[in-house]
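Based on these hints, arrange chain F with the ligand on the given structure of chain B.
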Amino acid sequence: MKSFNYHSASTVAEATGLASKASAYLSGGMTMIPSMKMRLASYKDVIDVKKIKQLHGIKVSSKSVTIGAATKHAEVAQSKEIKKAIPALCTLAGKIGDAQVRNRGTLGGSIANNDPTACYPSACLALNAIIHTSERKIEAAKFFTGMFETALKKGELIVAVEFSIPEKSSYVKFPNPASRYAMVGVFVAKHKAGVQVAVTGAKAGIYREKAIEQALDKNFSEKALDNIIIDSSDLNSDIHASADYRASLIISSAKQAVAHCK
Amino acid sequence: MASSMIGSRVERTEDKKFITGKGRYTADITLHGQTYAFFIRSPHARAKIKKVDISKALAAPGVVTILTGQDIIKDKIGGLIAGWKIVSKDGTDMKLPAHPPLAHDQVNYVGDHVAVVIAESLEEARNAAELVNVDYKVLTAVVNTASAMTSEAIYEGIDKNLCFDWELGDKAKTEEAFAKADRIVHLKLNNNRLVPNAMEPRASIGEYNSSTDDLTLYTTSQNPHLTRLVISAFNGVHPEHKFRVVAPDVGGGFGSKIYPYAEDVVIAYAAKKIGRPVKWVCERTDSFLSDCHGRDHVTEAELAVRKDGIVTGLRVNTIANLGGYGSLFATVTPTYLYAPLIVGLYNIPAAYCNVKAVFTNTAPVDAYRGAGRPEATYLIERIMDQAANEMGMDRAEFRKKNFITAFPHQQCLVHNIDSGDYHAHFNKALELADYKGFAKRKADSAAKGKLRGIGFSTYIEACGIAPSSVVMSIGAGVGLWESAEVRFNATGNISVFTGAHSHGQGHATTFAQIVADKLGVPMANIDLVHGDTDKGPFGMGTYGSRSLAVGGSAISKACDKIIDKGKRVAAHMLESTPDEIDFKDGEFIVRNSNKKKTIGEIAFACYLPGTYGEIKSPLPAGVEPGLKETAFYDPINFSFPSGSHVCEVEIDQDTGVTKVVKYSCVDDFGTLINPMIVEGQVHGGLAQGIGQALYENAYYDETGQLVTASYMDYAMPRADHFPEFKIEYTCTPATSNPLGVKGCGEAGAIASPPAVMNAVIDAIGTDISMPATSEKVWQALRTKVKSAKKAA
Ligand SMILES: Cc1cc2nc3c(=O)[nH]c(=O)nc-3n(C[C@H](O)[C@H](O)[C@H](O)COP(=O)(O)OP(=O)(O)OC[C@H]3O[C@@H](n4cnc5c(N)ncnc54)[C@H](O)[C@@H]3O)c2cc1C
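Just so you know, the sequences run in chain order B and F. The first sequence begins at 1 in this note's numbering and counts up one residue at a time. The second sequence begins at 1 in this note's numbering and counts up one residue at a time.
So that you can see chain B by itself, here it is in the shape it has in the complex (with noise of 0.2 Å):
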C-alpha cells in the first residue's frame, strides 16, 4: 500500500470538502483497502465517512425502505424493520461474503463500487431505489451506467438509499464456487404497476431480464418461466459458467425467487 492522508470526517460537508481529484471515500474498505494493496490504486487523501451520523440509519414509512450508505450488510440483515417491509433485503445481505465481510461492509460502499456482481444492485433495480447523494437523487436505472462505474461525480457522496417497498420480492444468488460473489444474482419484485426482475452477475453491469418479467406480468408463477429462453449472445463466459449456464441459471434461478416471494 502506498502512503496516503488519513481524514475521518464527521458530517457530509466536511467530507466533501476534503474531497479531490486525489481523494476517495472510505466506508467498509472491504473493496478499497484490498485493491489499495495490492496497489491496483492508491490515492493522496482517504476520507473516512464511517463517523458521519447521516449515513447510518434505517427508516422505514409505508412507502419506503430508507437505508444510510454507512449502514453494514450485517446491519440490514438483521432489521426486524426491514424484514418487515422487504425481507428480501435481509436475505440479500445475509448473504454478502462471509461474517467479517458482512461486519465491514457498506451499503454505499457497494453500490459506488458497482461490480458487475454484486448483490445490491439488483435490489435497487428491481425496487426502484433512489440514491440521496450530497448533491442531489438519482434513480437507480440512471445510476449504474456500466462496469464499476456510476452517476456519482468526483466528490459526490452518497448519503443513502431509498428502496420502494414492493407488494413481495425474493433475492436468490447462485454464487461464483470460488469468490461466492454472484456468478448470477436474480432480484423479483412484485410492485402494483408491474414485475421487476433485475440480474447481477451474468453481464458486464446489472440489468433487468424484460422477458421474465413480461412472463411473470402474465402469470407470477414459476410454470410462467418454463419456456422462457434466455438470449445467451451477450452474458459473460469466464472459466467459472459459459454464457448458455448462466442463461441457464438466470431462469432456475428466478423460478426459485418466484417461489421464494414473500
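Please note that a few of the clues may not be correct.
Said to hold, decoys possible - With a Cα cut of at most 25 Å, we get these calculated BS3-like pairs of lysine-lysine:
| # | chain 1 | residue 1 | chain 2 | residue 2 |
| --- | --- | --- | --- | --- |
| 1 | F | K450 | B | K223 |
| 2 | F | K56 | B | K2 |
| 3 | F | K95 | F | K48 |
| 4 | B | K223 | F | K786 |
| 5 | F | K448 | B | K262 |
Please keep in mind that the hints were generated in silico from the structure rather than gathered at the bench.
Same frame as chain B, now just chain F with the ligand:
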C-alpha cells in the same frame, strides 16, 4: 495411568497457543535492524531475460541492495536440486534444467524469481521494485500436459520436454494377461492440478552474525534439517555447522513446505551478504504462483478382466507434468510413490506402468498431500467402477471378489504388504453407509427431482517411506530414517527432541503420549521440541504420513534405551541385578519384591551420582552420569494403511450442483495413539479430497497465465460443503514398526476423490472429469438429454 495413554483422546496441548493467537510463526518474528525483501517475479510464462536494469531502483529511498541472477553467478550460489534420480527405461538418467535461485537468462513460469529488492521497509522495497526494469523477449509457452512432448522444446538438450520415460512392472506378463482377458476396460483420466493453499503463506528471515560467522534462517519448513543440508551442500550458502535453520510454528504445509525454495536460498544468502537480517513474507497471490503445485496427470488405463469378474491385469500410461523445473521430490512423486500403488488393494497378478514426466511453463509440481497415492487410487478406483458397470456387476461385489485376503502379500509390482483385512473395513463401511438403504434414498431424491449416486473407494497406501537402503537404491538422495532424543532433566521431567516437524499434526500431544506410556511419566512433565537444527539431532522432517511410524518409533526406541540404563542404575541402588528388574508404570521393581525406585528417582541419581547428606545415589561402575538417549530408526518396510470410503451425492438437475450428502469411511491405520487427532487428520484429508473432486483446479490459459491465482477464482471447499463425516476404524497393527502404527495424515485426500467421482458418475450416468463443477455436471446432463432425444 500409563497403559491408557495409547488410544486415548487427549486434547491437543498445542491448541491453546494457536487458538489464543499466541503461536509464533515466522512472520511474527522481528529482528533488530531487520530489512525487508520483495521478489520481482516473471510476468511471462517463458521469456529470455535481455537485461535487468536496477539503476533507478537502487537510488530509490530506503533501498539497501538489489540482487539479481548476475549476483548469484558472481557469488557462486548453486541452483535448486531435484533430490531423487529417476532412470528412464532406456537406461539414461533423467534430464533436468538448471534451476538458479534468481534467473539470469531465461524465466520459465509466471512467478519465476528474477530479482530481490531489499529495503528498510516493505513499502520502500515494493516502491523500488516498480522501478526495476526487466527487458524480456517473450517466447511461446508450453502449458498443456498432454501436448508438452510435441511442443517446442523449452530447454536446450531436453528433447520433447521429457525429463524421463520410466516404467515399472513386467510388461510381457501384462501383455499376456491382456491377450487372455475376456474383457478389456479402457479409461482416460485427468488428475487436476491443485494449489496447496497452506493457511500460512511461506516466509523466511535470514540473520547473520559476522563476528561469529553464524547464519540463521527462520523459515516455514516441514523439514528444517534437510533445508539446512541442501542450502549448505548444494546452494553453497554457508557451511552446515555454522548454519542454523529454525522452523517455528508452521501453519500447514501439505507437502508444499518440504522443499527449500529459491526464496529461502536467496534470503539466507542476502542476509549474509549485507550483514543484516532480511525478512520476506510471501503474499497470497505469489503463493498461488510460486508454491509447488500438486498432481497434474493425464492417464490412460486398461484393465484386463475375466468373465467371472476376476481382474488379471492392469496397464497404465501416464504423462506427469513437472512444471518449469524439477523440484526436490518432483521426480519420485509420479514414479515410486505412484506406480507401485496402481494395483490398489486388489490381487492383480500382472501390471505395467509407464510414466513420462514433462516440463511445461507452469509452476513446479511436487508432492502434495498424498503425493502419488491419490493419483494411483483415483485411477484404480475409477477403472474398477467402470469395469463393474460394463460387466453389469454390483460395484461393491466386484471389489470384494478381487481383494487381497492373505498376508503378508507380495504385490506384482513392488510392495510386500505385511498386514490388513480389506473385507473387514469394506463390510463395515457398507454398513456404516447403509448401502442396503441406498435404493430407497435414491427414490426419495428422485421424488424431489434430484439425482442421487453412491460411490466407493477402497485404497491402500504406503507410508513411512522406507527403508533407507531400499529408497537409496532406487534413486533417493537421502536416507529416510528418523531421529529422536529423550532427555531427562534432573528434576524428573523430560524434553523430547524429534526430527519430525509438526505443522498441524499435533506431534506435541501424540509423541508425548508415547513417552508417557513408555516411561510412565505424566504428560504435563513432557515437552516436545522440534523444528530447530541447533536443538535436536538431524531429522528428516514430516511428509508422507511418516512422522509417527518412523519418528514415533525412534522416540519409542530412545525410551527403550532409557529403560535399559534405568534398570542398571536401579539394580545398583536396590542391590539387585538388571535382569531382576521389571519396569512398569514408571517404576523399577525388583521382581517378586516390594523394592522399587521411580524413574524420577533414577533420573535424579543419574544427575547426582554420589553420596551427599540425604542423597545416596551412587551409579554402578562403568555407567555414565546423565539420563539422555538418542535413537535413529530406519524402518524395515513401508507401512500400509488401507480403508474403504463410501460417498453419496445428490445432484440438482437444473443447476448441476452436487451436494455431498453422506460420507462414511472406515480406515485401518493400525494402532491409534490419539483417535481424536486421527479423526482431525481424516477430516482435513477428506476436505482436500472432496475439494479436488468438486471444486479445486489450478487453471493456466494457453499463454501460461495462472487464471486462478487468487481466492476470487480458485475454489476452495468450505465447511458448508460437507455433511457430518462418519468415521470408524478397523485395526490390523503394522509389523514394520514397534508401535504398530500405519499413518493417517493423507488417507482422506487419497481415498475421497474417487469416492466422490464414482458417486457423481453413478448419479448422472456419464463419465466426467475432476473437478466435477456444477457447469460440467449441467453440461453432461444436457448432452445426455440431447442424445436421448436424438435417439428417440
Ligand atoms: C471476501 C469478500 C466477499 C464478498 N462477497 C460479496 C458478495 O457475495 N456480494 C456482494 O455484493 N459483495 C460482496 N463483497 C463486497 C462487499 O459487499 C463490500 O462491502 C462492498 O463491495 C464494498 O463496500 P465497502 O463498504 O467495504 O466499501 P469500500 O471498500 O470502503 O469502498 C468501495 C468503493 O466505494 C466508494 N465509496 C464508499 N462509500 C461511499 C459513499 N458513501 N459514497 C460514494 N462512494 C463511496 C469508495 O471510495 C470505493 O471506491 C465481498 C467482499 C469480500 C472482501
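Hint by hint, here is what the structure shows:
no.: 1; hint: F:K450 / B:K223; in the structure: holds (18 Å)
no.: 2; hint: F:K56 / B:K2; in the structure: holds (18 Å)
no.: 3; hint: F:K95 / F:K48; in the structure: holds (21 Å)
no.: 4; hint: B:K223 / F:K786; in the structure: holds (22 Å)
no.: 5; hint: F:K448 / B:K262; in the structure: holds (23 Å)
The structure agrees with every numbered hint stated previously.
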